[in-house]
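> Which chain is which? The protein sequence lines are A and B, in order. Residues 9 to 405 in our numbering are what the first sequence lists, from first letter to last. Residues 9 to 405 in our numbering are what the second sequence lists, from first letter to last.
Hints are computed from structural coordinates only; laboratory data are not their basis. Using N, Cα and C, we set each Cβ at its ideal position, and we do this for glycine too. Hints are not guaranteed to be accurate.
To be verified - Covered by chain A, according to a simulated footprint, are these stretches of chain B (three or more residues, beta-carbon under 8 Å):
| no. | segment |
| --- | --- |
| 1 | 117-129 |
| 2 | 169-175 |
| 3 | 348-358 |
| 4 | 374-384 |
2 protein chains.
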Amino acid sequence: MKEISGGITSVPGISAAGIACGIKASGGMDLAVIFSDEPATAAAVFTTNKVKSAPVLISRERIRSGIAQAIVANSGNANACTGERGLGDARKMAELAAKSLKIDPEFVLVASTGKIGRYMPMSKLEAGIEKAISSLSPEGGHQAATAIMTTDTFSKEVAIEIDLQGKKAHIGGMVKGAGMIEPNMATMLCFIATDVNIDRIMLQEAIKNAVDRSFNMICVDGDMSTNDTVIILANGKSGNKKIEGQSDDYNIFLEALSYVTTTLAKMIAKDGEGATKFIELIIKDAANDQEARKAAHAISRSPLVKTALFGESPNWGRIMSSLGASGVEVNPNVVDIWFDDLKIVENGIGFGFVEEDAVNILKKAEYTITVNLGIGSSSATLWTCDLSYDYVKVNVT
Amino acid sequence: MKEISGGITSVPGISAAGIACGIKASGGMDLAVIFSDEPATAAAVFTTNKVKSAPVLISRERIRSGIAQAIVANSGNANACTGERGLGDARKMAELAAKSLKIDPEFVLVASTGKIGRYMPMSKLEAGIEKAISSLSPEGGHQAATAIMTTDTFSKEVAIEIDLQGKKAHIGGMVKGAGMIEPNMATMLCFIATDVNIDRIMLQEAIKNAVDRSFNMICVDGDMSTNDTVIILANGKSGNKKIEGQSDDYNIFLEALSYVTTTLAKMIAKDGEGATKFIELIIKDAANDQEARKAAHAISRSPLVKTALFGESPNWGRIMSSLGASGVEVNPNVVDIWFDDLKIVENGIGFGFVEEDAVNILKKAEYTITVNLGIGSSSATLWTCDLSYDYVKVNVT
Numbered sequence: 009m010k011e012i013s014g015g016i017t018s019v020p021g022i023s024a025a026g027i028a029c030g031i032k033a034s035g036g037m038d039l040a041v042i043f044s045d046e047p048a049t050a051a052a053v054f055t056t057n058k059v060k061s062a063p064v065l066i067s068r069e070r071i072r073s074g075i076a077q078a079i080v081a082n083s084g085n086a087n088a089c090t091g092e093r094g095l096g097d098a099r100k101m102a103e104l105a106a107k108s109l110k111i112d113p114e115f116v117l118v119a120s121t122g123k124i125g126r127y128m129p130m131s132k133l134e135a136g137i138e139k140a141i142s143s144l145s146p147e148g149g150h151q152a153a154t155a156i157m158t159t160d161t162f163s164k165e166v167a168i169e170i171d172l173q174g175k176k177a178h179i180g181g182m183v184k185g186a187g188m189i190e191p192n193m194a195t196m197l198c199f200i201a202t203d204v205n206i207d208r209i210m211l212q213e214a215i216k217n218a219v220d221r222s223f224n225m226i227c228v229d230g231d232m233s234t235n236d237t238v239i240i241l242a243n244g245k246s247g248n249k250k251i252e253g254q255s256d257d258y259n260i261f262l263e264a265l266s267y268v269t270t271t272l273a274k275m276i277a278k279d280g281e282g283a284t285k286f287i288e289l290i291i292k293d294a295a296n297d298q299e300a301r302k303a304a305h306a307i308s309r310s311p312l313v314k315t316a317l318f319g320e321s322p323n324w325g326r327i328m329s330s331l332g333a334s335g336v337e338v339n340p341n342v343v344d345i346w347f348d349d350l351k352i353v354e355n356g357i358g359f360g361f362v363e364e365d366a367v368n369i370l371k372k373a374e375y376t377i378t379v380n381l382g383i384g385s386s387s388a389t390l391w392t393c394d395l396s397y398d399y400v401k402v403n404v405t
Numbered sequence: 009m010k011e012i013s014g015g016i017t018s019v020p021g022i023s024a025a026g027i028a029c030g031i032k033a034s035g036g037m038d039l040a041v042i043f044s045d046e047p048a049t050a051a052a053v054f055t056t057n058k059v060k061s062a063p064v065l066i067s068r069e070r071i072r073s074g075i076a077q078a079i080v081a082n083s084g085n086a087n088a089c090t091g092e093r094g095l096g097d098a099r100k101m102a103e104l105a106a107k108s109l110k111i112d113p114e115f116v117l118v119a120s121t122g123k124i125g126r127y128m129p130m131s132k133l134e135a136g137i138e139k140a141i142s143s144l145s146p147e148g149g150h151q152a153a154t155a156i157m158t159t160d161t162f163s164k165e166v167a168i169e170i171d172l173q174g175k176k177a178h179i180g181g182m183v184k185g186a187g188m189i190e191p192n193m194a195t196m197l198c199f200i201a202t203d204v205n206i207d208r209i210m211l212q213e214a215i216k217n218a219v220d221r222s223f224n225m226i227c228v229d230g231d232m233s234t235n236d237t238v239i240i241l242a243n244g245k246s247g248n249k250k251i252e253g254q255s256d257d258y259n260i261f262l263e264a265l266s267y268v269t270t271t272l273a274k275m276i277a278k279d280g281e282g283a284t285k286f287i288e289l290i291i292k293d294a295a296n297d298q299e300a301r302k303a304a305h306a307i308s309r310s311p312l313v314k315t316a317l318f319g320e321s322p323n324w325g326r327i328m329s330s331l332g333a334s335g336v337e338v339n340p341n342v343v344d345i346w347f348d349d350l351k352i353v354e355n356g357i358g359f360g361f362v363e364e365d366a367v368n369i370l371k372k373a374e375y376t377i378t379v380n381l382g383i384g385s386s387s388a389t390l391w392t393c394d395l396s397y398d399y400v401k402v403n404v405t
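The following block holds chain A by itself, in its conformation from the complex:
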């Protein structure tokens, strides 16, 4: 497996485009189209929020066929809490794209991100979708990745090449994140393409598994959006022997896909709204996997922990407190905590570290916090960020 430059359009047979069509008042890019020149095997994971956006409802319905050929995505408007009219608008977006692309509307998936509760400006979409499709290009991945950004400060893409029994295959992806991140994928749109030849069931299993260890293990603010969508299209052009069950090839693909999703997930945490720190939080020796994940989420979503990290303050008591409040099985008398390699807490009590040493770690842009619960053998790793003045600033409107 090696990382290659470029994003989703590094994958043979995939073209993309990103344009401005006037949804964003700023005039910024706000419409992306991703197109596979042949119908592709498709799988997806959607938000578990009970309030689901119209495009999530439509795409969730369509993904059941296991085939898709295009994705139309916009930023600037979530098309959520928009009722029947919103559903009609999402369907219409797909229809417009299908007509322009001369494909079956059922093969078009839709996704939206932005403000909730506003109707889509359909006349702008009508002109915009046509324009975006006329701009489709095998070099258009970066434009598309830029067009799905909301409060993101940089576009997020990655691509890799793998070898499946002598056949070169590719996976390329893009994501937008920033706020409402965690748990279980927050305002997050992620589109991935691959030329691996794989059946629908294994593709679904792989994407679910990869999302679980990546996007479900980041935390910006503990909110979860109505619009979260991860879609993967696999067009089979690599020519590898079709992956139809558990196999070495499946494992290679899963590892590669997890690398793609984890890389994108870390980019989201790094670009958390107002974030000044990127923190890898490792829970060790928890009673079981679920408890390890729960402890990681509880600590990383605590506003008191997050503000202390912003303040570069080694206030480890807040970590202990959020752990104790997490509902996870905890024996305070056996908990150890490290900042990078510096032991801060031993058996639940301050380890007598030199304050300046701890502060020097917390002053870094990236570091690791390890919490050892000392009661089992399960671990979890989560990527998170701090809570700064700028988080408040970004979110006051």
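For this one, chain A is given, so just place chain B on it according to the hints.
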């Protein structure tokens, strides 16, 4: 029932004192003693955090006897995550007070609030406890309420008078709150005294019930501390017929006690760290009581909801989204939302309100948000505040 001026020392037989003994580097008041001139029936509710402070562990043990006569409480140091030494220090605080007061050390309860993970400065406490006890006064309630403050911006006290079959009785209380508020009582110390004559079992039932509808229904930041403590002492001096079971007198007492705890709880939400708004959040027509409470907590702890409220932005989509992510049974198509009496959302869709009208409500210092889930008949009321720059500022160290 009528509210009277004064706090805990409005209750006959109760004296209190608050002094500065040097725990706080600022030199501010940091030590309070509350004393009942006779052994009182005692009940308490403690944090459910699995990481419990030393004073919580000691007081929880001692309250089992159902009798107490004094409370020693300090701010500036939580005495949490301090191991065996911390337990010894908490016991020593009680012993010092008992010696000075010439009472059984088992009748002294202890409570601490402040930074976690630091040992208590026992030499300061030794001199301080003696000094505080020599300052005990039947007018000392306000001094004591001031001495337990941490990041609170005002002291929090209330007192009421009730009539029990012709006998006048009193309930007076104090609380400190500010950060780490929610759920299930956060860094919160609350001391209540009453001259009602009531047995231990009914006193415990009443305080648990009152806490449940008050302190467990406020949310500042969703954190829960290691030190939360609510203690009530009942000295029986009112001379009412002893409350020993469910009765009209019990109901009068419970309502009065709930008024006291609710009044104090609202003060905590109003004084939330950095808070600029005080919001009463009402959930209606939930599937059951537990779901109503869960929905209220989920909405009120969402950083995106809280920052929008700080920004006076009628971004109701964030309320819908946090509701959908709450895990509560929700049918988005029947949800209605009001700001005060202005309907904002009907059947999950914006109600076409005039934006300026909504903003005018959100500009107020206090208002109500009502969320009707439309699927059952259970309600819950919660008091919360917004998330401002100053919340971050207060918590960076």
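> Evaluate each hint against the coordinates.
Evaluation of the provided hints:
1. 117-129: holds (count 4)
2. 169-175: violated (count 0)
3. 348-358: holds (count 5)
4. 374-384: Coverage by chain A is violated for the segment 374-384 of chain B (0 residues, Cβ < 8 Å).
Hint violations for this structure: numbers 2 and 4, all remaining hints satisfied.
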